[in-house]
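Read top to bottom, the protein sequences are chains G and B.
Reminder that position 374 of the first sequence reads as 374 in this note's numbering, one-by-one numbering, no gaps.
Reminder that position 262 of the second sequence reads as 262 in this note's numbering, one-by-one numbering, no gaps.
Worth double-checking, as some hints may not be accurate.
[Stated by the list, open to error] Simulated pairs of lysine-lysine, DSS-like, Cα-Cα distance not exceeding 30 Å:
(1) B/Lys67 with G/Lys393
(2) B/Lys199 with B/Lys67
(3) G/Lys260 with B/Lys146
(4) B/Lys260 with G/Lys31
[What the hints assert, rightly or not] Listed next, with one range per pair, are the computed distances between beta-carbon atoms:
(5) G/Glu9 with B/Arg198: 56 to 62 Å
(6) G/Ala2 with B/Thr205: 36 to 42 Å
(7) G/Asp256 with B/Val193: 42 to 48 Å
(8) B/Gln47 with G/Ile264: 33 to 39 Å
(9) B/Glu247 with G/Asp46: 32 to 38 Å
(10) G/Asp364 with B/Val193: 35 to 41 Å
(11) B/Glu247 with G/Glu298: 35 to 41 Å
[Claimed, not checked] Chain B regions said to be covered by chain G (calculated; three or more residues, Cβ under 8 Å):
(12) 25 to 35
(13) 139 to 152
(14) 224 to 230
Hints in this document: simulated from the structure, not taken from any laboratory.
Because the structure is a prediction, the values reported are computed rather than measured.
Ideal Cβ positions, reconstructed from N, Cα and C, are used throughout, including at glycine.
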Amino acid sequence: MAVVVNKDECIGCGACAGACPFGAIVMESDKAVITDACTVCGACVDTCPVGAITRTVEKKEIAINKDDYKGVWVYIEQVDGHARNVGYELLNEGRKLANAMKQELAAVIIGEHVDHLTKEAIARGANKVYLVEGSEFKHYSTDAYTITFADLINTYKPSVLLMGATNDGRDLGPRVSCRVTTGLTADCTNLGIDEATGLVAWTRPAFGGNIMATILCPDHRPQMGTIRPNVFKRVEPDYNLTGEVVKVASKVKAADIRTKLIEIIKEGTVACNLEEAEIIVSGGRGMGNPENFALIEELASVLGGAVGSSRAAVDAGWMSALHQVGQSGKTVGPKVYFACGISGAIQHVAGMSSSDVIIAINKDPEATIFKIANYGIVGDVLEVIPALIEEIKKIKAAH
Amino acid sequence: MEIVVCIKQVPDTTEVRIDPVTNTLIRQGVPSIVNPFDKNALEAALQLKTKYGGKVTVLSMGPPQAKEALKECLAMGADEAILMSDRAFGGSDTLATSHTLAAGIKKIGKVDIIICGKQAIDGDTAQVGPEIAEHLDITQVTYVAKIESVEGNTIRVQREHEEGYEVIDAQLPILLTVVKSINEPRTATVKGVMKANRKEITTWTVDDIVVNASAIGLKGSPTQVRRIFSPEQRVQGEMIQADSAREAAATLASRLLDAKII
Numbered sequence: 001m002a003v004v005v006n007k008d009e010c011i012g013c014g015a016c017a018g019a020c021p022f023g024a025i026v027m028e029s030d031k032a033v034i035t036d037a038c039t040v041c042g043a044c045v046d047t048c049p050v051g052a053i054t055r056t057v058e059k060k061e062i063a064i065n066k067d068d069y070k071g072v073w074v075y076i077e078q079v080d081g082h083a084r085n086v087g088y089e090l091l092n093e094g095r096k097l098a099n100a101m102k103q104e105l106a107a108v109i110i111g112e113h114v115d116h117l118t119k120e121a122i123a124r125g126a127n128k129v130y131l132v133e134g135s136e137f138k139h140y141s142t143d144a145y146t147i148t149f150a151d152l153i154n155t156y157k158p159s160v161l162l163m164g165a166t167n168d169g170r171d172l173g174p175r176v177s178c179r180v181t182t183g184l185t186a187d188c189t190n191l192g193i194d195e196a197t198g199l200v201a202w203t204r205p206a207f208g209g210n211i212m213a214t215i216l217c218p219d220h221r222p223q224m225g226t227i228r229p230n231v232f233k234r235v236e237p238d239y240n241l242t243g244e245v246v247k248v249a250s251k252v253k254a255a256d257i258r259t260k261l262i263e264i265i266k267e268g269t270v271a272c273n274l275e276e277a278e279i280i281v282s283g284g285r286g287m288g289n290p291e292n293f294a295l296i297e298e299l300a301s302v303l304g305g306a307v308g309s310s311r312a313a314v315d316a317g318w319m320s321a322l323h324q325v326g327q328s329g330k331t332v333g334p335k336v337y338f339a340c341g342i343s344g345a346i347q348h349v350a351g352m353s354s355s356d357v358i359i360a361i362n363k364d365p366e367a368t369i370f371k372i373a374n375y376g377i378v379g380d381v382l383e384v385i386p387a388l389i390e391e392i393k394k395i396k397a398a399h
Numbered sequence: 001m002e003i004v005v006c007i008k009q010v011p012d013t014t015e016v017r018i019d020p021v022t023n024t025l026i027r028q029g030v031p032s033i034v035n036p037f038d039k040n041a042l043e044a045a046l047q048l049k050t051k052y053g054g055k056v057t058v059l060s061m062g063p064p065q066a067k068e069a070l071k072e073c074l075a076m077g078a079d080e081a082i083l084m085s086d087r088a089f090g091g092s093d094t095l096a097t098s099h100t101l102a103a104g105i106k107k108i109g110k111v112d113i114i115i116c117g118k119q120a121i122d123g124d125t126a127q128v129g130p131e132i133a134e135h136l137d138i139t140q141v142t143y144v145a146k147i148e149s150v151e152g153n154t155i156r157v158q159r160e161h162e163e164g165y166e167v168i169d170a171q172l173p174i175l176l177t178v179v180k181s182i183n184e185p186r187t188a189t190v191k192g193v194m195k196a197n198r199k200e201i202t203t204w205t206v207d208d209i210v211v212n213a214s215a216i217g218l219k220g221s222p223t224q225v226r227r228i229f230s231p232e233q234r235v236q237g238e239m240i241q242a243d244s245a246r247e248a249a250a251t252l253a254s255r256l257l258d259a260k261i262i
């Protein structure tokens, strides 16, 4: 595959050079020239006003028999026997893919004492559950989980594999895809079926959320992706549903595991699992001092949400880095995001702009955060937040 | 201790803007920088060298202009820089990129620790690091927020997790990916820049490494970009007008109630 400029047709307007996300097009003697940085994304093709750029597709040698690979798999990540929400969200979305492909939906559960999760997966639509148990899976380890996943894939050959884009999911996903030599699309925010090919169309943000890219994996199986938590809805479980549980023996030997978990340091008392939080209340430099973050924590606790922070507040030492939202911290997509005393620097926005509803409270009416907020209040956070806490408590008490 | 730091030259995505008329990316005038997380990786490597001795090599795959990024790493204190650059590497996805970088690391020889940034700010995939480790058949710890110690063949690190930190002991050789909070990368001194200017950056082409031609570049890339488009732009919603903070809060609370948020 390659992107080619027809030099005779090129009028030297430079539109393609400006549109290339990778800066891979340069103008030489008034003609567009594609350089080594080209990733064949095709963004330039549509921008050319005279149709001088084409993307050619060459047929690859088929490495595997794709027809051997069937079914949509969802990895149910669990911690201490509790499934993370993202697995159930993906079962719902995986069901849609499985129906469109007319194939079955299966869940993969790996852990120690986790068989109680099989009925939960079936109640959420899995036709089948692959269950691998053993003390070697008590805590996540790259080695044990990769060996197990690669073995499951090589034995049962799924066509599609969905994983949550959690810290462990993004540790495991590339390791597994590399071992079975297939493509992996990271951190997706949308899934669908590409009409022309019937392949899974994986859509994800790139360039700090400035562009979206839809990726296909045409010739390798399984088609793999990690998907951000909170993007898809969970379904209510239906315990009348039935499914098959396939117990698979672990092939992991003690010597295979090259890391050892010594200790888990839980962070403070405030919730910091921002990736899975439905509501996040974030504070920035506008909170004034670390003591005022108690207001952020109180509002979060009243709403049952997690506490976030801008980089400025982390750099000032007011909050731990685990709470930081933004390009150099965490990327979140909750249902509701409160930005309190946060100006809305592009680095912060890149980490939270996919939130469903954004609420901004800032004393500066010109703050850029208001441009992306569904609701904005110009005011002193130290006055507005306590009043808001009181109002919400009133409403909660009345219901 | 032999340390390799993998770096990527990226456009400064915080400088990227969307053309409001054509709704496409405006890349003109956007500076190329060393991926910020990779600077944290280099800083971690330099600190390890200070503590335990050894050598820090920076390795990158990219077009010839990526030498600029490597030069900056030399100025920060890296001992040696290698650029893997060849048209044959063009169009690589993460699998082909990691395959190429792993071949480069094999050519470097005995390596104890490979450090990468947790992800690049242009692609944001966080995949190349773990995939390099897989190609080299060594273990990995991702999202490292602290390197506590290296004793003999064992390294102790803290790994960032959703709920806190995991303290992990691991065997060398190992690949680590690091988060921003691990350190504050040093800035190059004038002396460092002058020293870097005197250093040669080694360039390797496809002929310098041992790889299967079908495993690199476009041919070795299982994923293909089907389409690139601009995300829907958020539009400004309601600015709540009120005479007092109390009134504004009450209005907001009623909006949240209407929207079934509370």
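Worksheet item: Is it true that the C-beta distance of glutamate 247 of chain B to aspartate 46 of chain G lies inside 32 to 38 Å, as the hint says?
Response: Given a distance of about 49 Å, which is not inside 32 to 38 Å, the answer is violated.
Item to complete: Starting from lysine 260 of chain B, check that the Cα of lysine 31 of chain G is at most 30 Å away, please.
Response: Given that 30 Å is the threshold and the Cα spacing comes to 56 Å, the pair is violated.
Worksheet item: Okay, the stretch 224 to 230 of chain B and chain G, do three or more residues pass the C-beta test at under 8 Å?
Response: Three-residue rule met by the stretch 224 to 230 of chain B, so holds; n is 7.
Worksheet item: CB of alanine 2 of chain G to CB of threonine 205 of chain B, is that within 36 to 42 Å?
Response: Distance hint for alanine 2 of chain G, threonine 205 of chain B is violated at roughly 19 Å.
Worksheet item: Quick check: the stretch 25 to 35 of chain B, covered by chain G? Criterion 3+ residues, Cβ under 8 Å.
Response: holds (count 6)
Discussion item. Given the hinted pair lysine 199 of chain B and lysine 67 of chain B, is their Cα-Cα distance within 30 Å?
Written reply: Within the cut-off at roughly 12 Å; holds.
Worksheet item: Is the hinted range of 42 to 48 Å satisfied by the C-beta distance from aspartate 256 of chain G to valine 193 of chain B?
Response: Given about 46 Å between the Cβ atoms, the range holds.
Worksheet item: How about the stretch 139 to 152 of chain B: do at least three of its residues have a C-beta closer than 8 Å to a C-beta of chain G?
Response: Result for this restraint: holds, n = 6.
Discussion item. Does the beta carbon distance between glutamine 47 of chain B and isoleucine 264 of chain G stay inside 33 to 39 Å, or does it fall outside?
Written reply: Violated - the Cβ-Cβ distance for glutamine 47 of chain B and isoleucine 264 of chain G, about 25 Å, lies outside 33 to 39 Å.
Worksheet item: Is the hinted range of 35 to 41 Å satisfied by the C-beta distance from aspartate 364 of chain G to valine 193 of chain B?
Response: Once the Cβ atoms are compared, 39 Å apart, the range 35 to 41 Å for valine 193 of chain B and aspartate 364 of chain G holds.
Fill in: Distance restraint hint 56 to 62 Å, applied to the beta-carbon atoms of glutamate 9 of chain G and arginine 198 of chain B
violated (47 Å)
Worksheet item: Does the structure keep lysine 260 of chain G and lysine 146 of chain B at a Cα separation of 30 Å or less?
Response: holds (16 Å)
When the structure is compared with the earlier hints, violations turn up for hints 1, 4, 5, 6, 8, 9 and 11 and for no others.
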